[in-house]
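Enquirer: Single-letter residue listing:
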Amino acid sequence: MLDFFGRFHPVLVHLPIGFLILAILFQWLGKRTTWSYLRLSVPVILILGMLSALFACITGLALSGTADYPESLLGWHQWMGIGTTLLSLGMFWAVQRKKETATNLITALLLAAITVTGHMGGSLTHGEDYLSFGSGQVKPTLSPIADIQSAHVYTDLVQPIFEARCVSCHGASKQKGKLRLDEPSFILKGGEDGLAVKAKDLENSELIKRLLLPSDAKKHMPPISQAQLTGTEIQFLQWWVQAGADFSQKINALPQTEQDKQMLQELQLASQGAGTDSAKGTSVKKSGGAGIAPVFTLAASIPEKPVQPADAAIVHRLKEQGVVVLPVNRSSAYLSVNFVTAGKEIPDTTIALLEQLKPQLIWLKMDEVQLSAASYAVIGKLSNLTRLQLSNSNLSDEWIVNLQNLKALHWLNLVGSQVTIDGLQKLGKLPELRQLFLYKAGFSAADWTRLQQAFPAVQIDTGNYRLPLLPGDTSLVK
Amino acid sequence: MTRDELHAKRLAKEAETAYLQVHTRRHFLKESAMGLGALAMGTLLGSCGQSAIDKMAREAANSAKDPLQEFDPARPLLAKAPPFAARAKSVIYLHMAGAPSQLELFDFKPELMKMDGQDCPPSLLAGKQFAFITGVPKMLGPQASFQQRGQSGAWISDHLPHFAGMADEVSFLKAVTTDQFNHAPAQLLLHTGSARLGRPSMGSWVTYGLGTENQNLPGFVVLTSGGSFPDAGKSVWGSGFLPSVYQGVQCRSEGDPVLFIKDPHGMSRDLRKASIDAINQANAASYEEYKDPETLSRISQYEMAYRMQITAPDVMNINDEPAYIHEMYGTKPGKSCFANNALLARKLVEKGVRYVQLFDWGWDAHGDHAGNSLNLGIINKYRSVDKAMTALLLDLKQRGLLDETLVVWGGEFGRTPMMENRNGVQNPFKGRDHHTDAFTIWMAGGGIKKGFSYGETDEIGYSPISGKVEAFDIQATILHQLGFNHEAFTYPFQGRPFRLTDVGGRVIEEIIA
Numbered sequence: 001m002l003d004f005f006g007r008f009h010p011v012l013v014h015l016p017i018g019f020l021i022l023a024i025l026f027q028w029l030g031k032r033t034t035w036s037y038l039r040l041s042v043p044v045i046l047i048l049g050m051l052s053a054l055f056a057c058i059t060g061l062a063l064s065g066t067a068d069y070p071e072s073l074l075g076w077h078q079w080m081g082i083g084t085t086l087l088s089l090g091m092f093w094a095v096q097r098k099k100e101t102a103t104n105l106i107t108a109l110l111l112a113a114i115t116v117t118g119h120m121g122g123s124l125t126h127g128e129d130y131l132s133f134g135s136g137q138v139k140p141t142l143s144p145i146a147d148i149q150s151a152h153v154y155t156d157l158v159q160p161i162f163e164a165r166c167v168s169c170h171g172a173s174k175q176k177g178k179l180r181l182d183e184p185s186f187i188l189k190g191g192e193d194g195l196a197v198k199a200k201d202l203e204n205s206e207l208i209k210r211l212l213l214p215s216d217a218k219k220h221m222p223p224i225s226q227a228q229l230t231g232t233e234i235q236f237l238q239w240w241v242q243a244g245a246d247f248s249q250k251i252n253a254l255p256q257t258e259q260d261k262q263m264l265q266e267l268q269l270a271s272q273g274a275g276t277d278s279a280k281g282t283s284v285k286k287s288g289g290a291g292i293a294p295v296f297t298l299a300a301s302i303p304e305k306p307v308q309p310a311d312a313a314i315v316h317r318l319k320e321q322g323v324v325v326l327p328v329n330r331s332s333a334y335l336s337v338n339f340v341t342a343g344k345e346i347p348d349t350t351i352a353l354l355e356q357l358k359p360q361l362i363w364l365k366m367d368e369v370q371l372s373a374a375s376y377a378v379i380g381k382l383s384n385l386t387r388l389q390l391s392n393s394n395l396s397d398e399w400i401v402n403l404q405n406l407k408a409l410h411w412l413n414l415v416g417s418q419v420t421i422d423g424l425q426k427l428g429k430l431p432e433l434r435q436l437f438l439y440k441a442g443f444s445a446a447d448w449t450r451l452q453q454a455f456p457a458v459q460i461d462t463g464n465y466r467l468p469l470l471p472g473d474t475s476l477v478k
Numbered sequence: 001m002t003r004d005e006l007h008a009k010r011l012a013k014e015a016e017t018a019y020l021q022v023h024t025r026r027h028f029l030k031e032s033a034m035g036l037g038a039l040a041m042g043t044l045l046g047s048c049g050q051s052a053i054d055k056m057a058r059e060a061a062n063s064a065k066d067p068l069q070e071f072d073p074a075r076p077l078l079a080k081a082p083p084f085a086a087r088a089k090s091v092i093y094l095h096m097a098g099a100p101s102q103l104e105l106f107d108f109k110p111e112l113m114k115m116d117g118q119d120c121p122p123s124l125l126a127g128k129q130f131a132f133i134t135g136v137p138k139m140l141g142p143q144a145s146f147q148q149r150g151q152s153g154a155w156i157s158d159h160l161p162h163f164a165g166m167a168d169e170v171s172f173l174k175a176v177t178t179d180q181f182n183h184a185p186a187q188l189l190l191h192t193g194s195a196r197l198g199r200p201s202m203g204s205w206v207t208y209g210l211g212t213e214n215q216n217l218p219g220f221v222v223l224t225s226g227g228s229f230p231d232a233g234k235s236v237w238g239s240g241f242l243p244s245v246y247q248g249v250q251c252r253s254e255g256d257p258v259l260f261i262k263d264p265h266g267m268s269r270d271l272r273k274a275s276i277d278a279i280n281q282a283n284a285a286s287y288e289e290y291k292d293p294e295t296l297s298r299i300s301q302y303e304m305a306y307r308m309q310i311t312a313p314d315v316m317n318i319n320d321e322p323a324y325i326h327e328m329y330g331t332k333p334g335k336s337c338f339a340n341n342a343l344l345a346r347k348l349v350e351k352g353v354r355y356v357q358l359f360d361w362g363w364d365a366h367g368d369h370a371g372n373s374l375n376l377g378i379i380n381k382y383r384s385v386d387k388a389m390t391a392l393l394l395d396l397k398q399r400g401l402l403d404e405t406l407v408v409w410g411g412e413f414g415r416t417p418m419m420e421n422r423n424g425v426q427n428p429f430k431g432r433d434h435h436t437d438a439f440t441i442w443m444a445g446g447g448i449k450k451g452f453s454y455g456e457t458d459e460i461g462y463s464p465i466s467g468k469v470e471a472f473d474i475q476a477t478i479l480h481q482l483g484f485n486h487e488a489f490t491y492p493f494q495g496r497p498f499r500l501t502d503v504g505g506r507v508i509e510e511i512i513a
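Top to bottom, those sequences are chains A and B.
Just so you know, we're using my numbering here: the first sequence kicks off at 1 and counts up by one.
Just so you know, we're using my numbering here: the second sequence kicks off at 1 and counts up by one.
Treat the hints with care, as some may be off.
Unchecked claim - Here chain A is said to cover these stretches of chain B; the calculated rule only asks that three of the stretch's residues, wherever they fall, bring their Cβ under 8 Å from a Cβ of chain A:
no. : region
1   : 81 to 94
2   : 124 to 136
3   : 206 to 217
4   : 321 to 330
5   : 340 to 354
6   : 397 to 406
The set of hints was computed from the structure by calculation and includes no laboratory data.
Even for Gly, the Cβ is constructed at its ideal location relative to N, Cα and C.
Looking at chain A on its own, in the form it has when it is part of the complex (with noise of 0.2 Å):
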């Protein structure tokens, strides 16, 4: 309840500023005998001042409980806003009484006191540095590194990532969520949600959880209106992390696979301002470059080894029952089966067939199919499955568990199933799993970190892609 009040404040706030400056502007305004009528309305702006510059301190008070802001520059503004109002009543009192020096005199501290609280409020909100020239723009993050193999990890880069990115709402000033990125001690110790690195332990390391959020979540860090890390730089902190969060080695003493190898050139690159390069669009970089998702095809997901043909009695029978059965190829025995036309309520003795194709059968699809417990048990048991589709079926959390014999597979299409996190956790490791759709299934914006954990090696797509309407997608141009 108090909670809900204080978000009034920053609101309510401007009003007071804006009455009492006018209460002012006008008493000034009206010595001149041409404009002395404002004088009359002095009053009436003064009363809505007072009683406005009460209430922006009643929320106030109720706001500074909810937030960790600094306790030093929390408590001058308090005080200074609790004097600008008894200011407002020491003008209402002498303006009424028509004390000419008074009034100039309190006028004078009241213009003072509006300014330097208003500005103090400012500072907390926004940071400090707010108010200075050359904000509104993205600070460099790095400064440029000659070479990347002989630089300090902390010092030349993991900090200035920090300062640039951080340390605004994380640093001296202003401590959110009580944490601060400025110091290795306090770096270490952490904030009001656990540690924010604990070293070679990324899952419980909330500084790299937050940054892997997708930008949408609330949790996610920076936040979405703010500056954001570049994907090497989110790369390099969690190798760091992985590396152990040295504070004092240089990069070449600190383990490094080949892909961080490439991560840490990429990083080189970006700080000698290669990465905006492509803005100014002089020379075309190479093509098919890093960054760039790779492709798995069909082909690739038929096995090498020859297979026995499958017995044709079952293959028949399948068909009879609308199911496409097909081999992969006209020189291969590996066979691919759809249930298109099959259906949607699939019997168990159609399903029971396909155990029968089990060393032949590597794609299965179904899209749209209700099945039974039975089904998915027999599903489960054909363990030669490269790519299994079993988009928009009832496949749940619990019978999913039937599939973590699945070692041979390549691709999974959970699309629209109504799998969750803790269903997938379930499946345990499947070694050869390179893609993973997850599109309106059970998932939320906050499982992505799980789901990443779980799947390191694989291409997840949870899909749910929008696209902006542009001015220009709807107006004609005549």
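Mind docking chain B on chain A? Use the hints.
Expert: Just chain B now, with coordinates in the frame of chain A:
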């Protein structure tokens, strides 16, 4: 079955058809009052030929005992396995009929900007023939601003702000050429492999070779938008010398997808079934008598039409899609437009349709009036396809369909770097003439590289300097992705095997992942 056996079988089939044509003519003579003299001879010839063909048919039936390799002449669209390992199962071909300008969309030429307004150098005109340009035209700089997009750094102009985000999903072919500078022959060449009428279209070849997995829907669907058919007319999705069951089924994106798909008032489903059965019985009897393979096509089309009455309205109805999908594509429900067709294309491919061909008319940017001017009317064309084609790629991707669906986008030729001067007089609006030497086509999904570009044109986008490809190469590549060797995929006709790529075609290995 070896290739020779297959060939022998096809030759036998052609002999049978030729024989039956004779037989049918004799039958006409028999039926007419004047044909009495021919009657005896006809029956005589008929009976001895008949038994030989029956024997051949029986042998063919025996060799196809394997239920996985069977070919049922009454169900010619049954799915067949591709000859080789495929990288795509379906194709969506987005054809911008009239030919969009590569110089305003993908082929960024800053040098051309410097030459804007200057007379065209004679070296570019010597020995060339254009559709409209005569005399010495002026050069015309790019009517667009360009940026490099994505990790791949592909140049995409600001005319396609949505598609710009797809740079890392597609492969561009920047140096496509053709030898036809008029719309209809160029479209025919691209889709049928010949600039003249009479060849089967690519979709017909594909459905002939692969059939389709969903027997309740056509295997090859055509959707048009833009207010007009492509200049090549329906031949561009015709079946040529292939049985007519393989021709493209043109569906409407407005109103009922197929005209008269609903039973008329008062006709029950049972009555419909009974009447179709009766017609098919009559047709079967006719087939027994005349052995015309087109009769089988007719029987299977009646049966498919009956099944389609149930499935097609469902699949073809985009109104059931959620509002956010409509917003993503930018559809106009109830109207006929490219966005509706793009959404429909996804729904069809999702249900197993093999080949979906979209034609969007109105890209012919001559600049002889405001409606086809590069910086007026044509901008509306860019805007009308940009969101929908981007949405199509994203929607296929999120459903896991992009891996197995090959999406192709392009026109039938390109546009000149010169401003059009029709009959030697500068056109009133900014426009470009037809250009055969260089244009851009992109492909995505279906085992094609992501974020890649192949081929380059010279400084003004006039001629290819590397990576030149032609229509046959595009066709060979599409067939390759579907699991065909385009040189071995033939159909016997008029005494020789025909193929889609005629005597040309090279699979563009460079863009294959």
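Enquirer: Taking the hints in turn, state whether each one holds.
Expert: Here is how each hint holds up against the structure:
For the region 81 to 94 of chain B, the stated coverage by chain A holds: 9 residues have a C-beta nearer than 8 Å to a C-beta of that chain, and at least 3 were required. With 0 residues bearing a CB less than 8 Å from a CB of chain A, the region 124 to 136 of chain B misses the requirement of three and the coverage assertion fails. Closer than 8 Å: that is the beta-carbon criterion, and the region 206 to 217 of chain B has 4 residues meeting it against chain A, so the requirement of 3 holds. Judged by the Cβ-Cβ criterion of 8 Å, the region 321 to 330 of chain B is covered by chain A as claimed, because 4 of its residues qualify and three suffice.
Taking a C-beta to C-beta cut-off of 8 Å, the region 340 to 354 of chain B contributes 3 residues in contact with chain A, enough for the three needed, and the coverage statement holds. With a threshold of 8 Å between beta carbons, the proposed coverage of the region 397 to 406 of chain B by chain A holds, since 6 of its residues qualify and at least three are required.
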